[in-house]
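Here are the chains, one letter per residue:
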Amino acid sequence: MSIESIVKEFQAVAASPARQLDNYKAAGKKVIGVLPYYAPEELVYAAGMVPMGIWGSNTKTISKAKEYCATFYCTIAQLALEMLLDGTMDKLDGVITPTICDTLRPMSQNIRVSMKKLNKMPTIFLAHPQNRKPAYGLKFCIDQYTNVKTALEEISGAPITDEALKEAIKVYNASRAARREFVKLAGEHCDVITPTLRSAVLKAAWFMLKDEYTAKLNELNAELKALPVCDWKGTKVVTSGIICDNPTLLKIFEDNHIAIAADDVAHESRSFRVDVPENDDPMMALALQFAAQDYDVLLYDEHSSSNRRGEYVANLVKESGAQGLVLFMQQFCDPEEMEYPYLKKALDAAGVPHIKLGVDQQMRDFGQASTAIQAFADVLEMAK
Amino acid sequence: MAEMEKTAAPAQEAPAAPVKKAPKPVSPGTAALRKVVSDVYAAAWEAKKAGRPVGWSSSKFPCEIAEALDLAVVYPENQAAGIGAQHDGERMCQAAEDMGYDADICGYARISLAYSAGVETTNESRRMPQPDFVLCCNNICNCMTKWYENIARMHNIPLIMIDVPYNNEVTVSDSQVAYIRGQFDDAIKQLEVIAGKKMDPARFEHACECANRTAKAWLKVCDYLQYKPAPMSGFDLFNHMADVVTARGKVETAEAFELLASELEEHVKNGTTTTPFPEQYRIMFEGIPCWPNLKALFKPLKANGVNVTAVVYAPAFGFVYDDLDSMARAYCKAPNSVCIEQGVDWREGICRDNKVDGVLVHYNRSCKPWSGYMAEMQRRFTEDLGIPCAGFDGDQADPRNFNEAQYLTRVQGLVEAMEQNAKNKAAKEG
Numbered sequence: 154m155s156i157e158s159i160v161k162e163f164q165a166v167a168a169s170p171a172r173q174l175d176n177y178k179a180a181g182k183k184v185i186g187v188l189p190y191y192a193p194e195e196l197v198y199a200a201g202m203v204p205m206g207i208w209g210s211n212t213k214t215i216s217k218a219k220e221y222c223a224t225f226y227c228t229i230a231q232l233a234l235e236m237l238l239d240g241t242m243d244k245l246d247g248v249i250t251p252t253i254c255d256t257l258r259p260m261s262q263n264i265r266v267s268m269k270k271l272n273k274m275p276t277i278f279l280a281h282p283q284n285r286k287p288a289y290g291l292k293f294c295i296d297q298y299t300n301v302k303t304a305l306e307e308i309s310g311a312p313i314t315d316e317a318l319k320e321a322i323k324v325y326n327a328s329r330a331a332r333r334e335f336v337k338l339a340g341e342h343c344d345v346i347t348p349t350l351r352s353a354v355l356k357a358a359w360f361m362l363k364d365e366y367t368a369k370l371n372e373l374n375a376e377l378k379a380l381p382v383c384d385w386k387g388t389k390v391v392t393s394g395i396i397c398d399n400p401t402l403l404k405i406f407e408d409n410h411i412a413i414a415a416d417d418v419a420h421e422s423r424s425f426r427v428d429v430p431e432n433d434d435p436m437m438a439l440a441l442q443f444a445a446q447d448y449d450v451l452l453y454d455e456h457s458s459s460n461r462r463g464e465y466v467a468n469l470v471k472e473s474g475a476q477g478l479v480l481f482m483q484q485f486c487d488p489e490e491m492e493y494p495y496l497k498k499a500l501d502a503a504g505v506p507h508i509k510l511g512v513d514q515q516m517r518d519f520g521q522a523s524t525a526i527q528a529f530a531d532v533l534e535m536a537k
Numbered sequence: 004m005a006e007m008e009k010t011a012a013p014a015q016e017a018p019a020a021p022v023k024k025a026p027k028p029v030s031p032g033t034a035a036l037r038k039v040v041s042d043v044y045a046a047a048w049e050a051k052k053a054g055r056p057v058g059w060s061s062s063k064f065p066c067e068i069a070e071a072l073d074l075a076v077v078y079p080e081n082q083a084a085g086i087g088a089q090h091d092g093e094r095m096c097q098a099a100e101d102m103g104y105d106a107d108i109c110g111y112a113r114i115s116l117a118y119s120a121g122v123e124t125t126n127e128s129r130r131m132p133q134p135d136f137v138l139c140c141n142n143i144c145n146c147m148t149k150w151y152e153n154i155a156r157m158h159n160i161p162l163i164m165i166d167v168p169y170n171n172e173v174t175v176s177d178s179q180v181a182y183i184r185g186q187f188d189d190a191i192k193q194l195e196v197i198a199g200k201k202m203d204p205a206r207f208e209h210a211c212e213c214a215n216r217t218a219k220a221w222l223k224v225c226d227y228l229q230y231k232p233a234p235m236s237g238f239d240l241f242n243h244m245a246d247v248v249t250a251r252g253k254v255e256t257a258e259a260f261e262l263l264a265s266e267l268e269e270h271v272k273n274g275t276t277t278t279p280f281p282e283q284y285r286i287m288f289e290g291i292p293c294w295p296n297l298k299a300l301f302k303p304l305k306a307n308g309v310n311v312t313a314v315v316y317a318p319a320f321g322f323v324y325d326d327l328d329s330m331a332r333a334y335c336k337a338p339n340s341v342c343i344e345q346g347v348d349w350r351e352g353i354c355r356d357n358k359v360d361g362v363l364v365h366y367n368r369s370c371k372p373w374s375g376y377m378a379e380m381q382r383r384f385t386e387d388l389g390i391p392c393a394g395f396d397g398d399q400a401d402p403r404n405f406n407e408a409q410y411l412t413r414v415q416g417l418v419e420a421m422e423q424n425a426k427n428k429a430a431k432e433g
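Residue numbers (this note's numbering), protein chains in the order written: chain D, 154 to 537; chain G, 4 to 433.
The shape of chain G in the complex, shown without the other chains (with noise of 0.2 angstroms):
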C-alpha cells in the first residue's frame, strides 16, 4: 500500500524524512521500480542544478520525445497524488483556494497550482525544481490544458500543447491521426529548441523500444490479475503507475517491471500471494483511488476478504505502437479520451479476464470527464456481466470530498450483493 510516498528524496535538496518506523520488505521488482521513480525525480533535480532546463508534463503526454532529447521531465499528477497520499494535500489544496482556485477544481490540479506558485510540501520525497517548460496533452481532460497555461504564465515558460479531441467512435479516425501526428511534429521542433540540439532518430527509436517494453511489461504484471487466487492486490497496480507515468520511456522501468512480473510467476507457480488476506470476493476498482484515504479505502475490502482484481489502469497506460503514426493512435486511447463503447469494453474485458464478481465505482470529485459516464457504465456492466455495482463520493486528492461512513455501508452493500450472487449461483449450478 500507498508505496507512492516512500521514494527517496535527491539528498542534497531534500533530506529524506526520519523514518518513523521500519519500513515492510519489499520484493526486489518492487524496490526496483521504486528506485526508478526516485531517480526520476533526482535527475530532474541534477538537471537543474546543472543549469539545464527541466519540464513538468502531464502524465500521457508522449514522454519518448523528451526521453530522446536527454530533458529532465517530472509529472505533477505523479507529485500530487504522493503529496495526497502523505496526507499534505488538504493544505497544499487550501493554498491554492488561498490564491482564488476554486475548491470545485481538480484536487490534482490545485495541489500543482500551489506547489508552482511557491507552497512547499511537507512530503520530501515528491519535491521537484521548478519548470522552464511545460509539456500538456489534454487526452486525459481539458482541465489539464488551462492548468498548465496557469504554470506557463506563473512561469513566464514556454507551453508545449498536444491537443487530443475527444473520439465518439471505437476506432481512431486518420483525420485524428494527422492531427496529433501534426502536433508530434510541431512539439520535437519546440524541444528541440528547448534542448538545444536536434533529435537524434536512433535515440527516439530506443526511447521508443523503451517505452513499448515498458507497456508490454506493464500489461503482463496485469495480467496475473487473472490468477484465482491473484498472486498480488490491484492496489499495488496503482502503486506501480507511478513507474508507467514516471518513466515509460526507460529501458530500467521496463526491466523492473520484467523483474516484477517473473516474482508474480513465481507466486502463481508456488500458490502465494502478496494479498495480505484471504480472497473471498474479486472486484474491479474503477477510478483513480482517494490517496489521502488508501488505509480508510482498504480496511474494509480486507475485512470482508475482497480483492481488487481489476483496474482501468490495466489498458489504460499499455500504449504499443510501431511508428509515429502508431503513436499518435496509440495516444488517443486514454481513459478520458474514449467513447463510453470502448470504455465499457476495455472494462469489460478486464472485469471478464479477472473473473470479478463486482465492481466498486468511485465517483471522483477531482474528474469530471472519467465519473460523468459512470452510472451508464454502472447499468452495463451489470446488465452485460449480471455482476453488481456499487459507487462512492471522494477525491482523488482532497479528503474533503470522501466520507468514510458513507464508504463502508456502500462496501457493504456490494458485499452482500456479491454474497447473494454467489448464493443463486451456487443453487442454479445445484
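Looking at chain D on its own, in the form it has when it is part of the complex (with noise of 0.2 angstroms):
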C-alpha cells in the first residue's frame, strides 16, 4: 500500500472512534474504555477484549457533565465524562479509571456512580502507587493491576491466563517499538508526514487492537524508510503536554513550515517510551514498566531535587534537531502548570526557545494560537 493510502486509514480510525467500536462490537469483541493515564492495557488485551482509549474529545461540549463538575476541571475530563453520559460510548462492556492527577480522583467516582445510576458500563478501578520502584511499591502496583485483572474477567466470563498476557505483552512491545519507530521517521520525512498526519497516526493506536495497528504501522515505516531523508526547509519543534491531536491546531504548524521532530507528549511518545520486561511473571513485569515511567510530571520523582524533567525536555529537542519546544498547556491541568517554571528553566539554560499554548479542547477560535505560532515560527528560524 503506498503511503497515502495507509495513513488515510489512521486518519479515518482517528477521526472516527465511534465507528470503530461499532466495528468491534459487531465482530462480536467486548471493549472495554481505558481513562488516561498508565492503565495496563495488555490486561484487556490478554482477556481478549479490545482496549479503547478515551481522551476527551475535539468536536463535542460539555453539557451532560455539568451536572458532575465544576468549570474548573480539565476538558479531556468532563468530555470524556460526557461521552459515558451522553451515548456516545453505550457500547462499552466496560471502562478502567486511572486516579493519578487531582482531576482524575473525584472523576472515578463521578463515573462510577453515574454509570451504576444509568444502569450502564461496570467500572474499574485503578490507583497507582507513586513511590514505584521499592519492593512495596511494586506490590502495590501488582496488587491493584490483579483487581483490575480480576474485573476484566468478569466482563469476559474467562480468567486471564499467563500465556495470554506474556503474549499481549509481546504483542504490545511491538507496538512501542513501532511507534517509537514511527516518530522517529516521522521526523525525518516531515515532507510526507505532516503534523496532522503524525497527529493521526499516533491516535488511531488508541482505537485498534495492536496487532492490527502495529501491522499497519510497520507497513507505513517501511514505506517511509524506503524514502530518501527530507530537505526540510522550514523548522522544526519538539511538542509537549498532556494531549495536542486537534487537527485545526496542527493546521497551523503545517501552514507556518513547522514539522514536529519528537514529543514529550501524554497522548504520544510519554505513553510508549517504556516497554514491559518479558519475563516469566507478567504481573510483576507490568509493574516493573510502571516504576521505570519517568520524566513525567504526573509522577513522583525520587530525585526530585534536580531538574530532571526539564533537562530532559530541554535534550529532546536538541537530540531531535528542532530548534524549538511548543507547550500545549492544557487548561486546569495542575501537574503541567507546576512543572513550566522548571521546564522553562531547563530550557532557558539549553538555549532552546519556547512558547506556551493555552488550550481546551472545547477551542473553536486559534485565532490567538496562530497569531503566537506564526510569531514563533520567525523565532525558529532565526535559531537554525
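Calculated from the structure, these hints are not laboratory results.
All figures in this text were calculated on a predicted structure; none of them were measured in a lab.
You may find that some hints are simply not true.
[As the list claims (entries may be wrong)] Residues from chain D shown here face chain G by an in silico Cβ test under 10 angstroms; the list is partial:
1. P287
2. L451
3. E455
Glycine included, each C-beta is placed from N, C-alpha and C at the ideal position.
Fit chain to chain and form the complex, with the hints in mind.
Below, the structure written as C-alpha cells:
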C-alpha cells in the first residue's frame, strides 16, 4: 500500500472512534474504555477484549457532565464523562478509571456513580503507587493490577492466563517499538508526515487492537524508510503537554512550515517510551514497567531536588534536531502547570526557545494560537 | 474569627506587628491553643539559629515520626492560610505567577512557592525559616507532590514522600496498609539520617499517645456543636484547626483542647455560647473557608442567625490508632483520599449529629480533588437528609476567585429554603 493510503486509513480511525467501537462490537468483541493514564492495556488485550482510549473529544461540548463537574476541571476528563453520559460510549462493556491526578480522583467517583445510576457499564478502578520502585511499591502496583485483572475476567467471562498475558506484552512491546520508530521516521520525513498526519497515525493506536495497528504501522514505517531523508526547509519543534491532537491547531503548524521532530506528549510518546520486561512473571513485569516510567509531570520523581525532567525535555529538543519547543498547556492541568517554571528554566539554560499555548478541547477559535505560532516560526527560523 | 493570624512571631527574627486595636479577650483554652501554634513557629526559628535542620511538612504527613526525632517542623498550609487571612495572599499568589506558576494552581501552593523562593510575607506571625528537608504526604492531593518537589528543587534538599493512593472503597485494604507501612519504615530511616540519631521507640510511642490524645480531645471539642444552641460557632473550629495541623503530636495541644472542651462543657451547663448572635439556623459549611474573606463569609450568616455547627474537618483530623499499621490505616482517611460513599457518610453523620438545617458548599478553585464530586454529594445530602444545599464559588487563599455578591445571593437562597423547610415541618407536625 502507498504511504498515502495507509495514512488515510489511520486518519479515518482517528477521526471516528465510534465507528471503530461499532465495528469491534459487530465482530463480537467486547470493548473496554480506558481513561488516562498508564492503565495496563495488556490485561484487556490478554482477556480477548479491545481496549479503547478515552481522551476527551475535539468536537463535543460539555453539557451533561456539568451535573457532576464544576467549571475548573480539564476538558479531557469532563468530555470523557460527557461521552459516557450522552450515549457515545454506551456500547462499551466496561471502563477503567485511573486516578493519578487531582481531577481523575473525583472523576473516578463521578463515573462510577453515574454509570451505576444509568445502568450502564461496570467501572474498574485503578490507583497507581507513586513510590513505585521499592518492593512495597511494586507489590501495591501488582495488587492494583490484580484487581483490574479480576474485574476484566468477570466481564470477559474467562480467566486471563499467564500465557495470554505474556503474549499481550509481546504484542504491546512490538507496538511501542513501532511507534517509537514511526516518531523517528516522521521527524526525518516531515515533508510527507505533516503534524496532522503524524497525530492521526499515533492517535489511531488508541482505537485499534494493537496487532492490527502495528502491522499497518510497520508497513508505513517500511515505506518511509525507503524514502530519502527529506531536505526540510522549514523549522522543527518538539511538542510537549498532555494532548495535541486537534487537526485545526496542527494545521497552523503546517501553514507556518513547522514540523514536529519529536514529542513529550502524554497521549503520544510518554505512553510508549517504556517497554514491559518479557519475563516469567507477567504481572510483576507490568509493575516493573510502571516503576520505570520517568520524566513525567504526573509521576513522583525520587530525585526531585534536581531538574531531571526539564533537562530531559531540553535534551530531547537538542537531540531531535528541533529548534524549539511548543508546550500545549491544557487548561486546569495542575501537574503540567506546576512543572512549567522548571521546564522553562531548563529550556532557557539550554538556549531552547519555546512558547506556551493555552489549550482546551472546547477551543473553537484559533486566532490567538495562530498569531503566536506564526510569531514563533520567525523565532525558530533565526535559531536554525 | 480569624485567630490563625494572631499568634506571636519569634522576637529575634520577626518582631510582633504593632497592635492597632485592643484584641478581643479570649478564653484560657483558646489562648493556650494560640500559644501552641506560636511555639511551633518559634521552635523552628530556634532550631534554625542553632544550626539544626528545619522541615516543611504537608498537614497530614505523619507528624509522629519527626516529633519522636525532635525535628523542628512547620506547615506551609497553615502558613498560607494565615497569610491569606491577613490579606497578603493575593500579592504572594501574584509573585508565584510572576515566577511562571499558573493562576489556576492551588492558592496555598502558590503562596508557599513564592515564600520558598524568598518572597517575604507581611504577616509577621507566619514567617518561617527556609527548609532543610520537606515531608510530603499526598493523602490530601496530588498537587502536594509537585508542590513539594518544586520546593526540594529550589533548595536542593531531600524530600521524604509518603504516597497514599486514592481509595475507591470505604475500608482500607491490607494491600494499602502494607504499601504505606513500607513507606513509613523508609521515612523513619531517612529522617534518622537528617536528625543524626536513631528513633527512640519510647519517644515515638509518646508522640503517638499525644497525637491520639489530641485527636480525641479535638473530636470531643467538635462534638459540642451537637448541642442546641451550640456553645460556639463552627468557624472557631476552622481557627483551631491550626493546632491539629501543626502540633498534633505535642502534649500541650492535647491539654489545650481538653481545656477548651471543659470551657465548652461549662457553656453547655450554663446555657451560654460564644457565638455572637442568636442561633436560628444550623448549617454544615462544606470545604475550606475562604481565609481572605472571612468577614464577608461571616456577615450574612450572622445577619440571618445562621450558625455553622458542622465542618468536615471534625472527622477528617480525628486520627486515632494504636500501632504503626493502624496509623497507616488512619492516614488513608483524609478528606480527599476517600471514596464518595465514605465522604458522604462522614458528612451526613455530622449533619445528623449536629442537627443541621442546610449545607453551604464552597466550590474552592484551589482544591480540585475536594470540589470534584461535590455536585453529587449535594444531591445526596438533599435526598438522604431532606435539607437544602447551596453552593458558591471561592478560594481558600486567592481573593480574586471570590465574589461577595454571588455569595450573598446563595446564602439568601439557602436561608429561604431552610425557612420554607421549617414551615413545612411545623405544618406537618401540626
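Tested hints:
For P287 (chain D), the shortest C-beta to C-beta distance to chain G is roughly 6 angstroms, which falls under 10 angstroms, so the interface hint holds. This hint holds: L451 (chain D) has a C-beta 8 angstroms from the nearest C-beta of chain G, less than the 10 angstroms allowed. Given the 10 angstroms rule on beta carbons, the hint for E455 (chain D) holds: about 7 angstroms separates it from the nearest Cβ of chain G.
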